[in-house]
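Work out the full structure, taking the sequences as your base and the hints as a guide.
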Amino acid sequence: MNTKISIESAGKTFGDGNIIALQDVNLAIGSNEFVTFVGASGCGKSTLLRCIGGLETLSSGSINVDGVPVSGPGVDRAMVFQHYSLYPWLSVIDNIKFTRLLQINREDITSADVETASGRADALIDLMGLNHVRDAYPNQLSGGMQQRVAIARALLPRPQILLMDEPFGALDAQTREVMHDMILHVSKLEKTTIVFVTHDVEEAIYLGQRVVVMAPRPGRIDSICQVVLPAQRNQDMKLSPEFVQQKKAILTRIRETAGMHTDLELLERMTRQAEADQ
Amino acid sequence: MSTDNTRPSLYQSVISGWSAFWVIRGHLSPRIYLLFALTGMLLPLAAWWWLSASGLMDKVFMPGPIDVLLRLYTWFKDDDLLGDMWISTYRVAAGFSLSAILAIPLGIMIGSYRPVQALLEPLTDFIRYMPAVAFIPLVMLWVGIDESSKIAIIFIGTFFQMVLMIAEDVRRVPITQIEAAQTMGATRSEIVSLVIIPSAKPALLDTLRVTMGWAWTYLVVAELVAANSGLGYAILRAQRFMQTDKIFAGIILIGLIGLAIDQLFRWLHRKNFPWLYKK
Ligand SMILES: Nc1ncnc2c1ncn2[C@@H]1O[C@H](COP(=O)(O)OP(=O)(O)OP(=O)(O)O)[C@@H](O)[C@H]1O
Ligand SMILES: [Mg+2]
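One line per chain: the protein sequences are X and F, in this order. Everything in the first sequence is counted per this note's numbering, starting at 1 for the first residue and increasing by one. Everything in the second sequence is counted per this note's numbering, starting at 1001 for the first residue and increasing by one.
It cannot be assumed that every hint is accurate.
What the hints assert, rightly or not - Not close to chain X: a few residues of chain F, all C-beta gaps over 12 Å, as computed:
hint: 1; residue: Gly1064
hint: 2; residue: Ile1178
hint: 3; residue: Glu1179
hint: 4; residue: Pro1202
hint: 5; residue: Trp1275
To be verified - Computed list of lysine to aspartate or glutamate pairs in DMTMM-like fashion (alpha-carbon distance at most 25 Å, straight line):
hint: 6; chain 1: X; residue 1: Lys188; chain 2: X; residue 2: Asp66
hint: 7; chain 1: X; residue 1: Lys238; chain 2: X; residue 2: Asp222
hint: 8; chain 1: F; residue 1: Lys1059; chain 2: F; residue 2: Asp1079
hint: 9; chain 1: X; residue 1: Lys191; chain 2: X; residue 2: Glu275
hint: 10; chain 1: F; residue 1: Lys1279; chain 2: F; residue 2: Asp1262
hint: 11; chain 1: F; residue 1: Lys1278; chain 2: X; residue 2: Asp122
hint: 12; chain 1: F; residue 1: Lys1278; chain 2: X; residue 2: Asp172
hint: 13; chain 1: F; residue 1: Lys1201; chain 2: X; residue 2: Asp135
hint: 14; chain 1: F; residue 1: Lys1279; chain 2: X; residue 2: Asp126
hint: 15; chain 1: X; residue 1: Lys191; chain 2: X; residue 2: Asp24
hint: 16; chain 1: F; residue 1: Lys1201; chain 2: X; residue 2: Asp94
hint: 17; chain 1: X; residue 1: Lys247; chain 2: X; residue 2: Glu190
hint: 18; chain 1: X; residue 1: Lys238; chain 2: X; residue 2: Asp172
hint: 19; chain 1: X; residue 1: Lys191; chain 2: X; residue 2: Asp135
hint: 20; chain 1: X; residue 1: Lys248; chain 2: X; residue 2: Glu265
hint: 21; chain 1: X; residue 1: Lys248; chain 2: X; residue 2: Glu33
hint: 22; chain 1: F; residue 1: Lys1271; chain 2: F; residue 2: Glu1168
hint: 23; chain 1: X; residue 1: Lys238; chain 2: X; residue 2: Glu256
hint: 24; chain 1: X; residue 1: Lys248; chain 2: X; residue 2: Asp236
hint: 25; chain 1: F; residue 1: Lys1278; chain 2: X; residue 2: Asp135
hint: 26; chain 1: F; residue 1: Lys1279; chain 2: X; residue 2: Glu265
hint: 27; chain 1: X; residue 1: Lys238; chain 2: X; residue 2: Glu166
hint: 28; chain 1: F; residue 1: Lys1278; chain 2: X; residue 2: Glu256
hint: 29; chain 1: F; residue 1: Lys1279; chain 2: X; residue 2: Asp222
hint: 30; chain 1: X; residue 1: Lys188; chain 2: X; residue 2: Asp236
hint: 31; chain 1: F; residue 1: Lys1271; chain 2: X; residue 2: Asp200
hint: 32; chain 1: F; residue 1: Lys1271; chain 2: X; residue 2: Asp94
hint: 33; chain 1: X; residue 1: Lys248; chain 2: X; residue 2: Glu166
hint: 34; chain 1: X; residue 1: Lys188; chain 2: X; residue 2: Glu33
hint: 35; chain 1: X; residue 1: Lys188; chain 2: X; residue 2: Asp200
hint: 36; chain 1: F; residue 1: Lys1201; chain 2: F; residue 2: Asp1079
hint: 37; chain 1: X; residue 1: Lys191; chain 2: X; residue 2: Glu166
hint: 38; chain 1: F; residue 1: Lys1279; chain 2: X; residue 2: Asp200
None of these hints come from the bench; they were simulated from the model. Just so you know, even glycine gets a beta-carbon here, dropped at the ideal spot from N, CA and C.
This is the structure we're talking about:
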């Protein structure tokens, strides 16, 4: 396995150092690997993703992409957000071509480049099934369609890494399934390394070659789960015993690390209180 | 078997129609909307008409709509109505444009760059709370009572508010739009010109529309104290001659011009930002 991203004793604190969002995170992500991250809310999934993307800087440790330390955002690492990242004043096709707009603005590309970019944009429009909404504005589209546009836009400059933070979190179950197969297809076709954050354990197993379980307070990696499903996934696998087994195991890890017992204690206390009041 | 389910009674349909009217943020057909709008405009007019005709109030203090219309006509024919309208509009346009030309870049800078914000926003906030009207004596001492003094007062009245509102508009650009551009390799200046400005533009135009209303307020203030022409001045002089109908005419005229400009801004909004109106 060629290491694409290597995270070495990464730490990140917020505020006066009292919020430890990440502590001593170590992980190597391979070329064209699909890694998913799950974990209780606040365990630092988004923070880690943003550090890889260069939108946040680490407080300690380092992240290297192809051996080069990350020092800020770059076109090699595209990012897909949960929502509100499309430009509502641009049509679908112009949103997708936004990176080209940047380059045309800089006048550092030839007309041949523009041609290939247009070809690429058209290909992505085809790939994402966006032909019929090519000239629509984003707010005319459903949430699922909007995320397709966001993914197409991220893929346009052929990034080597795609960072996705709960990209399907706001979609309904059916649309999600379609998007899952679409993104698996993209990962094969484009050979993109994908780092994918989600709340949904099923989604994490279905998509990932490895599922990284994170734990909160301080944010850290709890365990890493190698997914045992065949490389070519299909929806029926979600019912297989292996799948259910892994889902159970991961859910247990998340529950144990989430600190839910405090809530149970609280519930018991409240019940006792209610009984005493009667 | 009852027919209740298939054909509601008249009573029921009236009730359901009535409650459909009051759906929160509901929809109204354009015709009904127009009907309501006209009622809202005409009812006060009718009340005014009735009040002036009833004789409850002295005609000297409460002229009727007809008196006001007649006065408008003589003002147009014998006095220089169009000249007054022109000079007032000119002053507003000049003061407002000067404000906007300076406030837009400044507001964008304050909203985008933290050091600029730290440097200028507290100061602007402070000046904003100084009453613009209180600057009039100073303005008259400094720039006299020619055109520039009126323009200066409108400028003082609108500029500081405008800067702060524009800065706020710019700050409301969703951070994910900016971060998306960063991950696509946009430089800082590209983020300002290709993301922040286009994203904030509709809000900016709305800010201009609102501050344009204030510009008219300050125009009248300026003309009441420091002018010998314009609609505000005409209103002041009318008071001296007890021409209440002319005061009414002046006030209504300013209202109508304001309304027309407001509609112009709204039209520009629809014209320039079609994505906001396509659903
Ligand atoms: N900009 C910030 N300023 C201060 N604290 C922050 C900031 N960003 C994140 N944090 C804190 O860091 C911790 C990790 O946050 P993060 O958003 O990475 O969690 P997450 O795993 O993505 O959670 P979720 O599943 O809810 O999205 C949280 O305690 C959060 O409050
Ligand atoms: Mg998150």
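Results for each hint:
1. For Gly1064 (chain F), the shortest C-beta to C-beta distance to chain X comes to about 49 Å, beyond the 12 Å cut-off, and the non-interface label holds.
2. With a least CB separation of 9 Å from chain X, Ile1178 (chain F) falls inside the 12 Å interface cut-off, contrary to its annotation.
3. Separation of Glu1179 (chain F) from chain X is inadequate, the least Cβ-Cβ distance of about 6 Å not exceeding the 12 Å criterion.
4. At the 12 Å boundary, the C-beta of Pro1202 (chain F) falls inside the reach of chain X, the nearest C-beta of that chain being 8 Å off.
5. A cut-off of 12 Å between C-beta atoms contradicts the statement that Trp1275 (chain F) is not in contact with chain X; the least separation is 4 Å.
6. Proposed proximity of Lys188 (chain X) and Asp66 (chain X) is supported: the alpha carbons are some 20 Å apart, at most 25 Å.
7. At most 25 Å may separate the alpha-carbon atoms for a hinted pair to count; Lys238 (chain X) and Asp222 (chain X) meet this at roughly 24 Å.
8. Annotation: proposed proximity of Lys1059 (chain F) to Asp1079 (chain F) holds, straight-line Cα distance about 22 Å (limit 25 Å).
9. Simply put, Lys191 (chain X) and Glu275 (chain X) have alpha-carbon atoms about 60 Å apart, too far for the 25 Å limit, and the pair is violated.
10. Using a Cα cut-off of 25 Å, the hinted pair Lys1279 (chain F) and Asp1262 (chain F) holds, with the two alpha carbons roughly 24 Å apart.
11. A threshold of 25 Å between alpha carbons decides the hint, and for Lys1278 (chain F) with Asp122 (chain X) the separation of about 24 Å falls inside it, so the pair holds.
12. Of the pairs offered as hints, the one joining Lys1278 (chain F) and Asp172 (chain X) holds, with about 24 Å between alpha carbons and a cut-off of 25 Å not exceeded.
13. Restraint check: the Cα-Cα separation between Lys1201 (chain F) and Asp135 (chain X) comes to about 21 Å, which is no more than 25 Å; the hinted pair holds.
14. In summary, the hint linking Lys1279 (chain F) to Asp126 (chain X) is supported, as the alpha carbons are separated by about 24 Å, within the 25 Å threshold.
15. As the CA atoms of Lys191 (chain X) and Asp24 (chain X) are separated by approximately 29 Å, the hinted pair breaks the 25 Å bound.
16. Distance restraint check for Lys1201 (chain F) and Asp94 (chain X): the Cα-Cα separation of roughly 18 Å lies within the 25 Å cut-off, and the hinted pair is therefore satisfied.
17. For the proposed pair Lys247 (chain X) and Glu190 (chain X), the alpha carbon gap of about 28 Å is over 25 Å, so the pair is violated.
18. The straight-line distance between the Cα atoms of Lys238 (chain X) and Asp172 (chain X) is roughly 17 Å, inside the 25 Å bound, and the hint therefore holds.
19. A C-alpha spacing of about 28 Å is found between Lys191 (chain X) and Asp135 (chain X), which places the hinted pair above 25 Å, so the restraint is violated.
20. The suggested pairing of Lys248 (chain X) with Glu265 (chain X) holds, with an alpha-carbon distance near 23 Å, which does not exceed 25 Å.
21. Taking the CA atoms of Lys248 (chain X) and Glu33 (chain X), the gap is near 23 Å; set against the 25 Å cutoff, the hint holds.
22. About 24 Å separates the Cα atoms of Lys1271 (chain F) and Glu1168 (chain F), which keeps this hinted pair within 25 Å; it holds.
23. A hinted pair counts as satisfied when its Cα atoms are at most 25 Å apart, and Lys238 (chain X) with Glu256 (chain X) qualifies at roughly 23 Å.
24. At most 25 Å may separate the alpha-carbon atoms for a hinted pair to count; Lys248 (chain X) and Asp236 (chain X) meet this at roughly 17 Å.
25. Proximity of Lys1278 (chain F) to Asp135 (chain X) is assessed by CA-CA distance (about 12 Å); at most 25 Å being required, the pair is judged to hold.
26. Between Lys1279 (chain F) and Glu265 (chain X) the alpha-carbon distance is near 49 Å, which puts this suggested pair outside the 25 Å criterion.
27. Between Lys238 (chain X) and Glu166 (chain X) the alpha-carbon distance is near 20 Å, which keeps this suggested pair within the 25 Å criterion.
28. About 48 Å separates the Cα atoms of Lys1278 (chain F) and Glu256 (chain X), which puts this hinted pair outside 25 Å; it is violated.
29. For the proposed pair Lys1279 (chain F) and Asp222 (chain X), the alpha carbon gap of about 45 Å is over 25 Å, so the pair is violated.
30. Note on Lys188 (chain X) and Asp236 (chain X): the hinted pairing holds, with a Cα-Cα distance of about 20 Å set against a maximum of 25 Å.
31. Between Lys1271 (chain F) and Asp200 (chain X), the direct Cα distance comes to roughly 43 Å. Violation of the 25 Å bound is thereby established for this hinted pair.
32. Between the alpha carbons of Lys1271 (chain F) and Asp94 (chain X) the distance comes to roughly 19 Å, so the proposed pair stays at or under 25 Å and holds.
33. For the hint linking Lys248 (chain X) to Glu166 (chain X), the alpha-carbon distance of about 21 Å falls within 25 Å, and the restraint holds.
34. Taken as a hint, the Lys188 (chain X) and Glu33 (chain X) pair is honoured in the structure, with Cα atoms around 10 Å apart against an allowance of 25 Å.
35. For the proposed pair Lys188 (chain X) and Asp200 (chain X), the alpha carbon gap of about 22 Å is at most 25 Å, so the pair holds.
36. For the given pair, Lys1201 (chain F) sits about 42 Å from Asp1079 (chain F) by alpha-carbon distance, which is inconsistent with the 25 Å threshold.
37. Of the supplied pair hints, the one linking Lys191 (chain X) and Glu166 (chain X) holds, its CA atoms being roughly 21 Å apart against a limit of 25 Å.
38. Distance hint between Lys1279 (chain F) and Asp200 (chain X) is unfulfilled; the C-alpha atoms sit about 31 Å from each other, more than 25 Å.
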